[in-house]
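**Student:** Okay, here's what each chain looks like letter by letter:
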Amino acid sequence: MTDPIYKTDALIAQDIDAYLETHQHKTMLRFITCGSVDDGKSTLIGRLLYDSKMIFEDQLAALEADSKRVGTQGQEIDFALLVDGLAAEREQGITIDVAYRFFATEKRKFIVADTPGHEQYTRNMVTGASTADLAVILIDARKGVLTQTRRHSYLVNLLGIKNIVLAVNKMDLVGYDQAVFDAIVADYSAFAASIGIESFTPMPISGFKGDNITAPSENTPWYTGPSLLPFLETVELDTTADQRKPFRMPVQWVNRPNLDFRGFSGLIADGVVRPGDEVRVLPSGKTSTVSRIVALGGDLEAGVAGESVTITLADEIDCSRGQVIVAAKSPLEVSDQFEASVIWMDEHEMVPGRAYWMKIGAQTVSASIGAPKYEVNVNTQEHLAAKTLDLNSIGVANITTDREIPFAPYADSRDLGGFILIDKMTNATVAAGIIHFSLRRAQNIHWQATDITREHHASMKHQKPAVVWLTGLSGSGKSTIANALEKKLARMNRHTFLLDGDNVRHGLNKDLGFTEADRVENVRRVGEVAKLMTDAGLIVVTAFISPFRSERDMVRGMMQPGEFVEVFVDTPLSVAEERDVKGLYAKARSGQLKNFTGIDSPYEAPDSPEIRIDTTSMTPDEAADIIIARLIP
Amino acid sequence: MSVKTLTHLQRLEAESIHIMREVVSEAQKPVMLYSVGKDSAVMLHLAKKAFYPSPPPFPLLHVDTTWKFQEMYKLRDKAAKEAGMELLVYQNPEAKEKGINPFDHGSLHTDMWKTEGLKQALDKYGFDAAFGGARRDEEKSRAKERVFSFRSANHRWDPKNQRPELWRLYNARKNKGESMRVFPISNWTELDIWQYIHLEGIEIVPLYFSAPRPTVTRDGLLLMVDDHRFPLNPGEEPVMRSVRFRTLGCYPLTGAVESNATTLPEVIQEMLLTTTSERQGRAIDHDQAASMEKKKQEGYF
Chain Z
1 MTDPIYKTDA LIAQDIDAYL ETHQHKTMLR FITCGSVDDG KSTLIGRLLY
51 DSKMIFEDQL AALEADSKRV GTQGQEIDFA LLVDGLAAER EQGITIDVAY
101 RFFATEKRKF IVADTPGHEQ YTRNMVTGAS TADLAVILID ARKGVLTQTR
151 RHSYLVNLLG IKNIVLAVNK MDLVGYDQAV FDAIVADYSA FAASIGIESF
201 TPMPISGFKG DNITAPSENT PWYTGPSLLP FLETVELDTT ADQRKPFRMP
251 VQWVNRPNLD FRGFSGLIAD GVVRPGDEVR VLPSGKTSTV SRIVALGGDL
301 EAGVAGESVT ITLADEIDCS RGQVIVAAKS PLEVSDQFEA SVIWMDEHEM
351 VPGRAYWMKI GAQTVSASIG APKYEVNVNT QEHLAAKTLD LNSIGVANIT
401 TDREIPFAPY ADSRDLGGFI LIDKMTNATV AAGIIHFSLR RAQNIHWQAT
451 DITREHHASM KHQKPAVVWL TGLSGSGKST IANALEKKLA RMNRHTFLLD
501 GDNVRHGLNK DLGFTEADRV ENVRRVGEVA KLMTDAGLIV VTAFISPFRS
551 ERDMVRGMMQ PGEFVEVFVD TPLSVAEERD VKGLYAKARS GQLKNFTGID
601 SPYEAPDSPE IRIDTTSMTP DEAADIIIAR LIP
Chain F
1001 MSVKTLTHLQ RLEAESIHIM REVVSEAQKP VMLYSVGKDS AVMLHLAKKA
1051 FYPSPPPFPL LHVDTTWKFQ EMYKLRDKAA KEAGMELLVY QNPEAKEKGI
1101 NPFDHGSLHT DMWKTEGLKQ ALDKYGFDAA FGGARRDEEK SRAKERVFSF
1151 RSANHRWDPK NQRPELWRLY NARKNKGESM RVFPISNWTE LDIWQYIHLE
1201 GIEIVPLYFS APRPTVTRDG LLLMVDDHRF PLNPGEEPVM RSVRFRTLGC
1251 YPLTGAVESN ATTLPEVIQE MLLTTTSERQ GRAIDHDQAA SMEKKKQEGY
1301 F
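Line by line, the protein sequences are chains Z and F. In terms of the numbering used here, the first sequence opens at residue 1 and continues consecutively. In terms of the numbering used here, the second sequence opens at residue 1001 and continues consecutively.
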């Protein structure tokens, strides 16, 4: 059942130096196995580890004991127990998280991403697939192509894996019947073509019995194709293809040990670099020539895709972390608007319009996602209408970044087209994304310069424009303070405008409700209006609950430095509820009013507002005076 | 244009260097945990490569239990000096005061000197990112830990709530008080480590090579009598045996193996032909099922 050549490498005992020499030149293949509990995925990986002698005696003894105690294979070894690492997984007999396994044969070293197959673990599968060169998609021969097979294939294809093995497993349970195998392969071929998978390699195997794992099985004389392990050992790697592309290296770190040395460190995403090559730094577009590739132990003659290097340039040009050094003659596209596939990975659903951190290459920028154009049903690949994306759902949406970034479509480069989104509040990684292309809009709409500038507007009014942003719970006293403030400013001949939450909802924002997404859009629009008013030279006073820190920070980012004054109207919930001027708290408490801030929707207090007003110890007039003292020193 | 096929070691090296540079770019105050073992030796070597010609821009931290082998202390000081890095040594004052030791206090020894000592040291210096030399092939719960492993303000690891890690994109953002443990050699195996040491000529503690050493047996483990603190039974005499160590920790807790391997290729040969896994020589893992996962949740590396 097991081919002995994988049990021990004879060379180890005979000539260790020769063995080491061979081992040094081994390449590495990273692959992912996709399949659910019942497909025998863990059993297959356990089998690969066992057959390639990666299981030691003490581990085997523990495994035998565990197999008898909690195994599902009777008296036989349950290989699945080898790979389920977390205590919760072993107790429940399921795989929850991505696990990485390692084994080596005479020709290659392998890293296997072992991921759970259920729909609720889409994020884990995507994570495992993101670094894989190849995917093994398991099918239970008794069941054929199932919904989950289609899901796994869709995700593997989405993540750009070109090498796919279709492992029709448990052939022992269908009597090694060729007709069963052929029917499944025909069925899968039709489906694969429909989603754009160009080719795949089908194999009839039994992970449990060991058929066609390390060597052709006597049980399938009708099958003349490769066995799994020999195939994995010889399949061509994508990594060398990356070296044939034009040079691209995101700058991770600027190396400055002293004034005489300035090196740019990064991992080469694509291509090859040599001293003398002409390069361009993006997005600035400045050009220079590579002088050295510096390394401990002596300079290098070349650096290739996949290597971490430090290069120096002939000219002192501006270049910092996040910028991308590229071949001068074939630069990357630069844009601030993209269409992308987004895989949502957080319990908290996506909020269209909200600003998230977007990490791409070595840079992190602020980015907001538009409402999804559609969501993809991962089981049927149908396009569905959607207002948001929740955990494990995948959709297509437009992304806008706060500055222009160099990028490549994901299909051309994983490193320059794949990104993650990070929640600005919780710092959780909430989504992964794949750039399809930049939107032409970003290139074709230019800012129209006007002759009367914002400085003109302000100087005609003899004032410095500002936005006084009052935030606090409903009933905290925002509108009252705003009103007192505007009256005092008017008496001082200042040109002002008050934007009030309730009033704006009668007009500009009357199409918006009180869901999280609508609240975000509400604040965004008010921010844009306030910004136009500061351009007109006005002092704008706003009174909005504006419960979320990320949107307040977004508005702050729109304004000129120093023009945004955040005022936290700090009234305890109990006090605001006690006042209940509009009777809203009573309604919310009785359930008549949904999504009410402080009751069933959160209020995120500012961390460091410019001004904090404690309304339990101060009158509205006193509060207005404090704000004026800050505005007009 | 000619194509150069990267070997598995070259790919691993590039990945580890990339990880280290990310940490230095994104963390406020990083540190490298340095335990003087072979994994630490590889990590330190990778750090030198990652930042050359600058010295690695962070200090080394040794969370000391006072019970390491003498040869480890010697190499520790030498390696830090050669790398041009500051070496911080931390010993838990409470453990010191109470005289906590591996002979009388069992698992409390590891808990106080290592787990508590590490937390105290990180808090004392305010490090927000600590490199560790753990590898995923060592143990089952490590196989599922992220490269950037997020810790709460009280250093706890939540295995059920880990950040997804995609492509080469690591999310290093955190709030004040929270920290990251970062494992740049996550994807290396024991063989990779040895092979790399061999290839790059990295200096390691001589204890990894066989030599005649004074030993006694305790609970099936072959222990080296490294100093006078080792309590011998009445009439017991240490026996000189040709032994070496596959893994290094506190000398009273680290089992030796009888061996004649005196060169790296011989050590590698022995490792490849051996039939027991690396951590078997360590007493700590045998305590209970899922013991490492539990220790990690509590803040152990």
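Quick caveat, the hints were computed from the structure, so don't treat them as lab data. Quantities reported herein were computed from a predicted structural model and do not represent experimental measurements. Careful: at least some of the hints might be erroneous.
Stretch by stretch, here's where chain F covers chain Z in the computed footprint (C-beta under 8 Å, at least three residues) [claimed, not checked]:
| hint | segment |
| --- | --- |
| 1 | 164-170 |
| 2 | 219-231 |
| 3 | 245-258 |
| 4 | 366-378 |
| 5 | 418-424 |
| 6 | 558-571 |
| 7 | 603-609 |
Restricting the straight-line Cα-Cα distance to at most 25 Å, the calculated cross-link-like pairs of lysine-lysine (DSS-like) are [unchecked claim]:
| hint | chain 1 | residue 1 | chain 2 | residue 2 |
| --- | --- | --- | --- | --- |
| 8 | F | 1004 | Z | 26 |
| 9 | Z | 461 | Z | 531 |
| 10 | F | 1029 | F | 1004 |
| 11 | Z | 424 | F | 1160 |
| 12 | F | 1004 | Z | 162 |
| 13 | Z | 373 | Z | 387 |
| 14 | F | 1160 | Z | 245 |
| 15 | F | 1004 | Z | 329 |
| 16 | F | 1119 | F | 1049 |
| 17 | F | 1004 | Z | 107 |
| 18 | F | 1174 | Z | 424 |
Every residue gets a Cβ at the ideal spot worked out from N, C-alpha and C, and that includes glycine.
**Student:** Going through the earlier hints one by one, which of them does the structure break, listed in rising order?
**Tutor:** Violated hints: 1, 2, 4, 6, 7, 10, 14, 16; rest satisfied.
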